[in-house]
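Q: Keeping their order, the protein sequence lines are chains C and L.
Going by my numbering, the first sequence opens with residue 222, and the numbers climb by one from there.
Going by my numbering, the second sequence opens with residue 1172, and the numbers climb by one from there.
Worth double-checking, as some hints may not be accurate.
Each computed BS3-like pair below joins lysine-lysine, with the alpha-carbon atoms no more than 25 Å apart [stated by the list, open to error]:
#1 C:K295 with C:K234
#2 L:K1187 with L:K1237
#3 L:K1227 with C:K238
#4 C:K234 with L:K1227
#5 L:K1237 with L:K1227
Sample of chain C residues with no beta-carbon within 10 Å of chain L, all distances over it, derived [stated by the list, open to error]:
#6 P230
#7 F235
#8 L279
#9 E333
#10 Q338
#11 Y360
Pair by pair, the computed Cβ-Cβ distance ranges are [unchecked claim]:
#12 C:A393 with L:R1179: 33 to 41 Å
#13 C:R290 with L:N1199: 41 to 49 Å
#14 C:Q364 with L:N1199: 21 to 29 Å
#15 L:G1201 with C:A393: 35 to 43 Å
#16 C:R290 with L:V1195: 38 to 46 Å
#17 L:D1186 with C:L286: 43 to 51 Å
#18 L:I1262 with C:E356: 19 to 27 Å
#19 L:P1251 with C:E356: 20 to 28 Å
#20 L:I1262 with C:V322: 38 to 46 Å
Hint data in this document are derived by calculation from the structure and do not stem from the laboratory.
From a predicted model like this one, the values you see are computed outputs, not experimental measurements.
C-beta: ideal position from N, C-alpha, C; glycine also.
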Amino acid sequence: MPKGKAKDPLDPKFLIKHASGLTSSSGGGRPPTIDARRAASAAYYAAYHAATGAVSELLFGEQWLHGVRWLSHKAVIDASRLVSRLGPLNSQQPSGDPDRVRDRSVWSIFQEIGGAQPDLLYAMEGLRSLRAEREIADYDRVQHVPRATARALVRQADLVRRFFESPRTADADTRVFLALAALKT
Amino acid sequence: MATDTRTRDLSELRDKILESLQGVGYGNAGVEVVWLTVPPEEAEVLVEVALPDPGKGTWSQEMTNKISTAIREATAAVMPWAVATTRMVPIDGDA
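If we strip away everything but chain L, and leave its shape as in the complex, we get:
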């Protein structure tokens, strides 16, 4: 039962994150959400955001902050008892 609820929570959170990212101009991002820790520990989810490869550099700080804020706000709306941690990866991976 608890596992079903947690799976449903993640699915709802993923949808909300996608909506929030679209709202700040990153609707092309791929999103995956998994649990890192569950209650009674402090609940934490890992949100993997796949974005176009930045090439030799990396994504801008402004972009990182916007994405991080959108994810924090989406998590607070769907699961106010949990925190999200972001992992940014290039869409097609790299060498």
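Chain C extracted, bound-state conformation:
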């Protein structure tokens, strides 16, 4: 990056560092719950950008950054639900109902490739926990966001980031998630 150019403000690592600082700050006069809310929100975006970065890289290779904005939050969360529900090797075979065709297809893919591995399942659950807390942090005026919860989420976001920046994105189970997120966009 050229000297003097600002750092990418959406870089997941930067967002996690920012979120982590908020969970340990003295608040500068603000109630700690305000910082906990901002931390949960930043942590979610770190995880979301890490996941969408991996999807875009699969689709666009070296030009992946241009594809990130094409992906919706809903697509990523919907794909994570499918992986959590149908990915585990011991998950129940979906019923034969006509509206379960897609479920049976996703389920059979995971059965063929040996199922979704535990680290992928934790990443999927982490994404959804972060999304749920972000909704509370950004929109719910009543519900409390505890600091311990925010700290747990920041750590979870970092696990999600490390997962999507690792060679695991080349493995079959992760590629199913990346493809589902891309196809549901």
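Use these hints to put chain L onto chain C, whose structure you have.
A: This is chain L only, laid out in the frame that chain C set:
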């Protein structure tokens, strides 16, 4: 009718989650379950797990993973058509 069924499903799921958490050593956890999305959307429940406050830190990753796995397996047993998302909170809240 659908609302009654969904309420019953949640109650059954909560019982199963409590049983699963007890099985992995977290029988002291408080559990609340609410719907996040319902069919025809992909069904998702939010499971709030209240645990003793970890103080200045947070709960260990091992503990988080164990709880998350127990909840996933309980949900698959009771509602295989839904997914669960976990929210961990300290029992007495914090500042």
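Q: Now look at each hint and say whether the structure bears it out.
A: Here's how the hints hold up against the structure:
A threshold of 25 Å between alpha carbons decides the hint, and for K295 of chain C with K234 of chain C the separation of about 23 Å falls inside it, so the pair holds. Taking the CA atoms of K1187 of chain L and K1237 of chain L, the gap is near 15 Å; set against the 25 Å cutoff, the hint holds. With a CA separation close to 18 Å, the supplied pair K1227 of chain L and K238 of chain C stays within the 25 Å bound. With a C-alpha separation of about 23 Å, the suggested pair K234 of chain C and K1227 of chain L falls inside the 25 Å cut-off, and the hint holds.
Restraint check: the Cα-Cα separation between K1237 of chain L and K1227 of chain L comes to about 21 Å, which is no more than 25 Å; the hinted pair holds. The beta carbon of P230 of chain C is kept farther than 10 Å from every beta carbon of chain L, the shortest such distance being approximately 26 Å. A cut-off of 10 Å between C-beta atoms confirms that F235 of chain C is not in contact with chain L; the least separation is 21 Å. Every C-beta of chain L lies more than 10 Å from that of L279 of chain C, the closest at about 22 Å, which supports listing it as non-interface.
No Cβ of chain L approaches the Cβ of E333 of chain C within 10 Å, the least distance being about 20 Å, so the stated non-interface status holds. Against chain L, the non-interface label of Q338 of chain C holds: every CB pair exceeds 10 Å, the least being about 13 Å. With a least CB separation of 14 Å from chain L, Y360 of chain C remains clear of the 10 Å interface cut-off, as annotated. About 38 Å separates the C-beta atoms of A393 of chain C and R1179 of chain L, a value consistent with the hinted range of 33 to 41 Å.
Roughly 45 Å separates the CB atoms of R290 of chain C and N1199 of chain L, a value that falls within the hinted 41 to 49 Å. Between Q364 of chain C and N1199 of chain L the Cβ separation comes to about 23 Å, which falls inside the hinted range of 21 to 29 Å. At about 39 Å, the beta-carbon gap between G1201 of chain L and A393 of chain C stays in the expected band of 35 to 43 Å. Between R290 of chain C and V1195 of chain L the CB atoms are about 41 Å apart, so this pair conforms to the stated range of 38 to 46 Å.
Hint check: D1186 of chain L to L286 of chain C, Cβ distance near 47 Å, so the stated range 43 to 51 Å holds. Separated by about 23 Å at the C-beta atoms, I1262 of chain L and E356 of chain C satisfy the suggested range of 19 to 27 Å. At roughly 25 Å, the beta-carbon separation of P1251 of chain L and E356 of chain C lies within the given 20 to 28 Å, and the hint holds. The supplied range of 38 to 46 Å is met by I1262 of chain L and V322 of chain C, whose beta-carbon atoms lie about 44 Å from each other.
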